[in-house]
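S.K.: For reference, the chains in residue letters:
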Amino acid sequence: MSLIRKERPYEKAEFAPKPTWIVRFLRQNVLFQFYRFIMINIKMIKLIFKSHK
Amino acid sequence: MKTIAVLGGGVSGHTAAQFLKRKLGKNHRVIVVTPNAKWNWIPSNIWVGIGEMKKEDVTFELAPVYKKMNIEYLQAKAVSIHPNGQDKDNSPYVKIEYTGQGKVGQQEELKYDYLINATGPKLNFHKTEGIGPEHGNTVSVCTYDHAEHAFKEFNGIIEKLRRGEEATIVIGTGHGTCTCQGAAFEYLMNIDHKITSLGLKDKANIIYITNEARLGDFGVGGMHLKKGGYITHSKVFAESLFAEREIGWITGAHVEKVEKGTIHFEQLDGQKRSINYDFGMLIPPFSGVGITAVDNDGSDITEKLFKPNGFMIVDADYTGKEYKDWSAKDWPQTLQNPEWSNIFAVGIAFAPPHAISEPRKSVNGTPIAPTPPRTGMPSAMMGKAVALSICDMIKNNNTTPRHTACMSEMGAACVASTGSNLINGSAVSMTMFPIVQNFEKYPEHGRSLSLTFGEVGLAGHWIKTLLHYLFIYKAKAKPLWWLIPE
Chain A
1 MSLIRKERPY
11 EKAEFAPKPT
21 WIVRFLRQNV
31 LFQFYRFIMI
41 NIKMIKLIFK
51 SHK
Chain B
1 MKTIAVLGGG
11 VSGHTAAQFL
21 KRKLGKNHRV
31 IVVTPNAKWN
41 WIPSNIWVGI
51 GEMKKEDVTF
61 ELAPVYKKMN
71 IEYLQAKAVS
81 IHPNGQDKDN
91 SPYVKIEYTG
101 QGKVGQQEEL
111 KYDYLINATG
121 PKLNFHKTEG
131 IGPEHGNTVS
141 VCTYDHAEHA
151 FKEFNGIIEK
161 LRRGEEATIV
171 IGTGHGTCTC
181 QGAAFEYLMN
191 IDHKITSLGL
201 KDKANIIYIT
211 NEARLGDFGV
221 GGMHLKKGGY
231 ITHSKVFAES
241 LFAEREIGWI
251 TGAHVEKVEK
261 GTIHFEQLDG
271 QKRSINYDFG
281 MLIPPFSGVG
291 ITAVDNDGSD
301 ITEKLFKPNG
311 FMIVDADYTG
321 KEYKDWSAKD
331 WPQTLQNPEW
341 SNIFAVGIAF
351 APPHAISEPR
361 KSVNGTPIAP
371 TPPRTGMPSA
381 MMGKAVALSI
391 CDMIKNNNTT
401 PRHTACMSEM
411 GAACVASTGS
421 NLINGSAVSM
431 TMFPIVQNFE
441 KYPEHGRSLS
451 LTFGEVGLAG
461 HWIKTLLHYL
471 FIYKAKAKPL
481 WWLIPE
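If you're matching them up, the sequences are chains A and B in order.
The first sequence begins at 1 in my numbering and counts up one residue at a time.
The second sequence begins at 1 in my numbering and counts up one residue at a time.
The shape of chain B in the complex, shown without the other chains (with noise of 0.2 Å):
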């Protein structure tokens, strides 16, 4: 019998968890460590954020979904791995400190054949004085907790607007090397929405400011689609989006600071400058969340396990190449470590190589560009394929995955929807394929022109909505969940 931890139960974790029990059986233990109690449909938060969905709607509670699938569950977080057991005996385990289940603290030693770290981010927002809604001055919508704070954040924006004040209301990133810029695009959508059907869009100046050095990148150095018979670039997509609702535009800015009522931000030209605001989203940075590996001797060998920024190291390229030389096949295929053939990385919680837009910095050496998203769909076909490979590698009892999910060869789709019902409801529906340019596949723009569009409709409405269904009965572990693809 076999033993496979799978470290974290979000998107990533809890597909790779579902896909191991119903290929492995009951002749092997797959075991979730999560210090959460429930799982998060994540892109619905944005709903949750403007009121159109409660918590309840985008969460349910892991603990019988696990009871039913025979996958034990562990609501603890991750502290160390030690991949070469201790002392004299060699067997891998991993530290962990409860959370829940009314062990609060405690630690335990869990040894593992297999290890999955699908960690997920660390919401960094200490590295921008002043963001984030415990202890600064903006919301949040990176959590259903958040999400709903945000919601009661902006309620009081709505009242300020029906008064017949003015408001100012900026959406954005709040760090030069933020990712997720899908999320604060959709949130700033739908804000836009929200106070347009309400009929107060004459006293709000809604304002997005982005990491981004153009609109349209979205972090993944924007991409070309076919409009009108003519092939342009997502820059002026996004731009036409924003300027048909009259919403202003920050780019190439890093978030510096924010006090009550103003942001300080410094732009790519170097000028330091500051905005006046009312309400404030900003996406904080993300970063690993912190465990550290050890060795059998007791000593520290996390720098052969993890990236300085937290994130593991997999089987990508990473001697850190000049912008001009980045590859597609710098993208790591298996997800698995080179050192520790048992250990894989899913979600954000893998090291990419690099970016995947141009990096810049300011004129003052201030890096300002996004880092790559790896959220969503690529997570959870990352999730499947690394818990295919580890079926494969017990019963054929070898060390060689089969199964690859990489970024610069599979698509992603982002449905930025607002509305609160079927008929007038719209989106913004973009998919792109591959996330990450192969320019040796295709040379001109780096994707496949059939398979990357983008297009606005009461039809991506439609689709968000389905997709929000499907992805939580699916994780729910419904009938038939397992035809449902990632």
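Chain A with its partners taken away, still in its complex shape (with noise of 0.2 Å):
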């Protein structure tokens, strides 16, 4: 086993998921990220009510 786990056929890092495409180009693409920065608000809005008490 390697000590530090940097990702190479067959070591760990190989098992975990990555991003496809399509995945990559959502995360930097403005109208996309526009919806999306308006739903994490609304979540992190509702978190916040819900932990004021």
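Incorrect hints may appear among the rest.
Simulated crosslink set (EDC-like; lysine to aspartate or glutamate; CA at most 16 Å straight-line) [to be verified]:
1. 257/B - 129/B
2. 235/B - 14/A
3. 226/B - 444/B
4. 2/B - 113/B
5. 160/B - 278/B
6. 260/B - 134/B
7. 194/B - 246/B
8. 50/A - 409/B
9. 152/B - 52/B
10. 95/B - 109/B
11. 329/B - 315/B
12. 18/A - 246/B
13. 46/A - 409/B
14. 329/B - 409/B
15. 43/A - 455/B
16. 18/A - 455/B
17. 18/A - 244/B
18. 127/B - 266/B
19. 127/B - 256/B
20. 111/B - 295/B
21. 307/B - 317/B
Quick caveat, the hints were computed from the structure, so don't treat them as lab data.
If you follow the hints, you should be able to join the two separate chains into one complex; please do so.
M.R.: Set out below in structure tokens:
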């Protein structure tokens, strides 16, 4: 076993999921990310209201 | 007229002082005692550490803000708390020692009716030989000065990579009992982004070293997230981020000693190993700041007010339960000290009942497990809840706090953001609710799956940038500051 698990074939990091091109594209796509910005903010606002007593 | 003394002017103490003054007005005194002249939005220190911001962008002078809000400000540190007063005068007071305002070293007694301990952590660099920017061989991003120094050192590595030389960069936790893995993780992501964007990644070997037993623990035992139609553990999420970026990782590690160029550590399997490095940023372990408590006859009663690690005792269950018996109910609700009803502790200053992650020891008996994170969003919420409780107690003349800020009933957000502009940035955005798993309420995973999520993308970078400006606006007490949530 390698001490430092850097991505190399047959080592542990090889089994971690990696994003496909479409996922990587959407992560940087301004329109899609604007939609995610709204959705994440809604989730965070819900979380904040649920946290305050 | 009542006097409320707030020890500490960081996120939790400053929030508490702001709400106290807003609610109590001119009829009562609010006094902030802090050794610092500046307020610091600590989450953005990460950006100072990679040169995307200057320290002036993440700090501001406290004195003008407190003058505007009619809050008294003493640039001093607390030395001892005297909750029963002295001799026959039973008025409680704090002994303080000035660190500025032209009175450096002078001591003074500050009488109070209510006391909030919001002193934050002592950065315990000395617990691991050779870590820290002042007397050690690694850098830190825990303060704005540390972050500025880290950037200078990092620049040296960039120059080395530009010359075509290889360099190993190690980021992580500097002791088996560290907390704040989120800060190390965010700095790691920023270092990787910077090196990649400069086209130098092929020469850099970037490694994360952590006391977490597995990636994605973050000191909260990890979390479960809905991803692609599955419920997956944050270990998978974190490993994916590391594998995508070709970042190596060493888990379950207690850093024992750091020599120039070599980090020595022990892992959960009991093996002692070492790794060579060129640039290292290791978070130190935290402890309380070392305030003592003294009774009115002069006897030491520190153990009645503080745990041995220096954190203040509050309304938590400290019975020392086994891991299998831990409960959400162990965590404090009102943050009031059980012996003195006019004393509270918020943020890092309160003593947690136990860890959140499963406690682990190496086969040699060395504790290697994260201690609970309680910075940022939860610490501000605690500051506000305690401020509102004290306002009620003053107005209703009773000793029962009505507002709560329990970590097993509140959520937190962590946005690890990289990039310098609004188009090419990215971020790992994570939220969890609640911070401490509440298996009584959420039997399967301990947390709400709708409010616990993680995703990667540009949107998180926008959120982090927005939060930076919003929280500094709020801390400066600009118009309608109180509308911005914690």
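S.K.: List in ascending order the numbers of the hints, as given earlier, that are violated by the structure.
M.R.: none
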